[in-house]
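Protein chains in written order, with my numbering: chain A, 1 to 274; chain B, 1 to 274; chain C, 1 to 253; chain D, 1 to 253.
Check the hints yourself; a few may be wrong.
[Unchecked claim] Some, not all, of what chain C presents toward chain D, calculated at C-beta under 8 Å:
1. G54
2. R87
3. G91
[Said to hold, decoys possible] Under the rule of at most 25 Å between Cα atoms (straight-line distance), these lysine to any residue pairs were calculated in the SDA-like manner:
4. K219/A <-> E138/B
5. K146/B <-> S170/B
6. K36/C <-> Q257/B
7. K198/A <-> K33/D
8. K149/B <-> N136/B
9. K33/D <-> Q257/A
[What the hints assert, rightly or not] Pairwise CB distance ranges (calculated):
10. E80/B <-> V77/D: 22 to 30 Å
11. S53/A <-> E264/B: 31 to 39 Å
12. G194/B <-> V77/D: 38 to 46 Å
13. S53/A <-> E164/D: 50 to 58 Å
14. R241/B <-> K140/D: 33 to 41 Å
Since the hints were derived computationally from the structure, they do not count as laboratory data.
All C-beta atoms in this analysis are idealised placements derived from N, C-alpha and C, irrespective of residue type, glycine included.
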Amino acid sequence: MYDTVRFAGLEIKNPFIAASGCFGYGWEFPALSEKFGAVVAKTITVKPREGNSPPRIFEVPGGVINRVGLQNCGLKNFAEKHLPRLKKIGTTVIVSIFGENFRQWAELIGTLEKEVAALELNLSCPNLNKQILTKNPEKCGNIVEKLRKLTDKPLIAKINAVDSPAAVSSLLSDRGIDAIVCSNTIPARVELNGRIYKGGLSGRLIKNFVLKAIREIRKKSDVPIAACGGIRGLKDVDDYRKAGADVFVLGSVLLRQPDILPLEKNIDSEGDIV
Amino acid sequence: MYDTVRFAGLEIKNPFIAASGCFGYGWEFPALSEKFGAVVAKTITVKPREGNSPPRIFEVPGGVINRVGLQNCGLKNFAEKHLPRLKKIGTTVIVSIFGENFRQWAELIGTLEKEVAALELNLSCPNLNKQILTKNPEKCGNIVEKLRKLTDKPLIAKINAVDSPAAVSSLLSDRGIDAIVCSNTIPARVELNGRIYKGGLSGRLIKNFVLKAIREIRKKSDVPIAACGGIRGLKDVDDYRKAGADVFVLGSVLLRQPDILPLEKNIDSEGDIV
Amino acid sequence: MKLKTENGGFFVTSAEILSIKPAAEKIFLMEIKHEKISSLARPGQFVHIYCGGGTSIRRPFSIFSKTGDCIEIIFRVVGRGTEILSRKRKGDSVDLIAPLGNGFPVVCGRPLFVAGGLGVAPLHFLSLATAAGVFIYGTKRKNEIIPIESLKASGHKVVILCEETEGKKVTDIMEEYLNDCDVVFSAGPAKMMKKIAEICLKKKKKCFLSMEERMGCGIGLCRSCVVKTKTGYKRVCVDGPVFPAETVDWKDV
Amino acid sequence: MKLKTENGGFFVTSAEILSIKPAAEKIFLMEIKHEKISSLARPGQFVHIYCGGGTSIRRPFSIFSKTGDCIEIIFRVVGRGTEILSRKRKGDSVDLIAPLGNGFPVVCGRPLFVAGGLGVAPLHFLSLATAAGVFIYGTKRKNEIIPIESLKASGHKVVILCEETEGKKVTDIMEEYLNDCDVVFSAGPAKMMKKIAEICLKKKKKCFLSMEERMGCGIGLCRSCVVKTKTGYKRVCVDGPVFPAETVDWKDV
Ligand SMILES: Cc1cc2nc3c(=O)[nH]c(=O)nc-3n(C[C@H](O)[C@H](O)[C@H](O)COP(=O)(O)OP(=O)(O)OC[C@H]3O[C@@H](n4cnc5c(N)ncnc54)[C@H](O)[C@@H]3O)c2cc1C
Ligand SMILES: Cc1cc2nc3c(=O)[nH]c(=O)nc-3n(C[C@H](O)[C@H](O)[C@H](O)COP(=O)(O)OP(=O)(O)OC[C@H]3O[C@@H](n4cnc5c(N)ncnc54)[C@H](O)[C@@H]3O)c2cc1C
Ligand SMILES: Cc1cc2nc3c(=O)[nH]c(=O)nc-3n(C[C@H](O)[C@H](O)[C@H](O)COP(=O)(O)O)c2cc1C
Ligand SMILES: Cc1cc2nc3c(=O)[nH]c(=O)nc-3n(C[C@H](O)[C@H](O)[C@H](O)COP(=O)(O)O)c2cc1C
Ligand code: FES
Ligand code: FES
């Protein structure tokens, strides 16, 4: 039903991508994964990470806040146990990575680059104690510039819709990034039983903001854009396409409807922000 | 139940303000108006404005998009017919104004300043064909600087949460603004029967973004802040207070619950973004 | 609470649902108990309901009838708000502002009512309070007809028309009845009312229309609900919903 | 569609509601028709329901029982999702992923079931499939007790306890029955289960707990639903919901 598209120098069989963190390591349900043009595995760090203590997920009207906190099995485990399985699925394999310093980024890229179609740099995770990287565009640009030299594989930068997305995208694309994913979750706070938790907001609540961000990015640059934020159906896809996006990343909707592809209609009729 | 608060050099009897555009000219229902610490009348322009052709209001999940387009009876009518009635209500009178150029701003201020407690400069209406003023902070600052010289009455600047709110607030407060209202509606598009309409988004969909904006403004400056965005109850008020706001502006919630004051609880239990 | 206006005022309140029943395909009849609202309510006025379920603004519905301490509305499930409303049960409470708007004017003479679809609601209420006349009621499909035969008891001739089965619209047959009548009241889709306005203008019949437009507040404050008239935009909620046909500017319809 | 897993797989599907009835104050019993889900379902597994109405993620509910082609769940109305669910009607469809999770292990010997509140659901199902034992079921208030006397037909001794009227909790009386039993199964509030785990550890009884945690996907992909165990965070949805009591790390509870 959908045609092959080119994105970030890759040819992917359809324009739908499973978002990092919402689809495990990507191979758990081959019958689901193979329907995606590409699958982005959960963000991997050099060392295994435990993640945050529960509660980790909250529903707010129109969205979801999560504070999983990058729980992952670490680079070694991932490369040995998960990646081989992921590569057996008939879909393009992208792995999201996060390094705390240049050495870690380099180790992640060095270990993975031969095995994957592309790497996604998670520059915008709100669930870390450190500042979101894209909040400091210059520093972010400098890291990207150095990472660029380590691999010929496409590098995709995951940014968010609220920290100067257009400026950051132009800068990163100047420094050699092949594509932008906009948006990661957006910092938010939520209360449960009198305690306040910080997390990242996703879902249709953020769509208007991501749409605006994508329009602005597209105005400033022709970097390939993957839209990510509140996509629940064809209507949202259409809106993002008109805003200038090339491919479409399904995030928290996968928690609700892991079998959402092939996207034939909006899974609910609501949400007519365009 | 609530104490008098000081805001923008005024003493108002409680910290709740009715937002411009959501409460008519402010005098229509005295029994409602008098409960507010202050009432901001619909934005007034020098000439009467017809506003946009219908449809003008759309519900989206978690919010409302409007494109009323500043329909108002014009300065002369307002000053003659509405303002005298508004001044009879036992509440602080603030009037929102919008000028297309310095002369218009000056005329609005000149005619109204003696009659009102404060003036609110609508610097962020998305329902005009012109660009939103706060998108150009320098120009905006220059206008404000000139307007400041025209009156001793408090001038309040209404900005939005997405166009560099912290930077704009500091700049405007340096140029003599007495307080900031954050946020106006946020640009959004909506589809109805195959047509796309541009309008301004309000309601709980924008709360997370306004909260973040207010935290950032407060970090940079000690200008008095009126929080406006998705307030529906005490919980939201509390969240905004913690973020650094001084007073609380009720907007689209008034369309649903014009008698919402005295605010005793949240009118719905949902919406736990803090 | 009660708020005062020039025409009797309205309540912002909650009230009990006495009954909710299907009246036709996807159309429900809801009986709401509130003595004071019922006693104020006049034909052509509407209620503004907060449907809950995370919706943000209210939904307007014409009053279909009233009894001693109740009002009735009929509504079609078209979207989120009416869907939620249709799932309310007897005994639940409903959050409403009512009665709102200017009703139909009191006009002497033999009335002709022309209702399209859910436009039957305000005209049903009105026809219970006027001299005997003719009530034409058309729907698109057969299963959308709500039973209004009871109007015959008020002396009205009742003509029910279904486009799907009869291939005719109310505007195709209304002229047959027009000469015998003195004033026309209509409610329904805008296109239908435009046509009716034209017919009445030509035939020089007085005509009053109940207009619909998307609403915010319902009480005149937000300027969301305007229709174009020959003297500029007017608010349906407080300047209408009933407008004399000749004042409406139909250019954009 | 059906998705494969190591323990039989599950369906992502919609199914018909055969009945929905109040079972106690704010607690509803819902019968869902789906032959294949019913045939796969094992005690301790759960269903993950999309409640609609603008909610974003699903809600997990333990399976309460199954018949030839149906499963039953019981749920308490606590928030938006369950409120919407409670308004569904017979004949409506419900969107679910099921059956999910690892069920209770099959253990030989005389079982003791200790249920608190809605924790009765998975234990009810389990007790229909085990040897005869003792079923202790406690609630906070009297009007929250759902009728489970039918379990006596399976040979179980049924002890129902209500804190409000009797002033006792299940953990106050379970030791009376512990010696006569070989294995304990429990589900309910975390604090209750912590206590039960401690008692069993002391008395050296095998004990299995059905844990609850807020879920996202329900199928192991999002890592939202973790509980702390002695070997790190485990996902309730796929590594549980049933955990051997001695593996749980209770420090933060
Ligand atoms: C004065 C007046 C009287 C009315 N009387 C009746 C009646 O008696 N029975 C009946 O079934 N319907 C009536 N309507 C239409 C009714 O208000 C809409 O069908 C209803 O608001 C739809 O709500 P929803 O959430 O189901 O639809 P959605 O499409 O989900 O609603 C989204 C938004 O659009 C607005 N909207 C959608 N359709 C209409 C419409 N036709 N007119 C105005 N606003 C609309 C809603 O109010 C809401 O703000 C009346 C409308 C007006 C203005
Ligand atoms: C494995 C498992 C089995 C369960 N079995 C049952 C059962 O048989 N009967 C029953 O009544 N309840 C059961 N629960 C709890 C049930 O899932 C919650 O009561 C329900 O999700 C509340 O939804 P809500 O929208 O009404 O509440 P809200 O508070 O509005 O829900 C908001 C969010 O919080 C989550 N949440 C709220 N309370 C809980 C809770 N106690 N556990 C997990 N998530 C929660 C919701 O899933 C949702 O994501 C079970 C939970 C789990 C994890
Ligand atoms: C439970 C959960 C976990 C996530 N984990 C990650 C992650 O590890 N890395 C990442 O880059 N994004 C992560 N995200 C963000 C999503 O990939 C996506 O950017 C975000 O949810 C916005 O899209 P949506 O609105 O479609 O959900 C996570 C999101 C959710 C809901
Ligand atoms: C129907 C409508 C009309 C509005 N008109 C104006 C206006 O004339 N001037 C203005 O400054 N803001 C106007 N606003 C914006 C509100 O004052 C407020 O800033 C915005 O709705 C955000 O607050 P909320 O989320 O509480 O609704 C309008 C909002 C609505 C919904
Ligand atoms: S709906 Fe607000 S003015 Fe009519
Ligand atoms: S709910 Fe997603 S991993 Fe358990």
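Unmet hints by their number, sorted upward, for this structure
Structure breaks hints 3, 7, 10 and 13.
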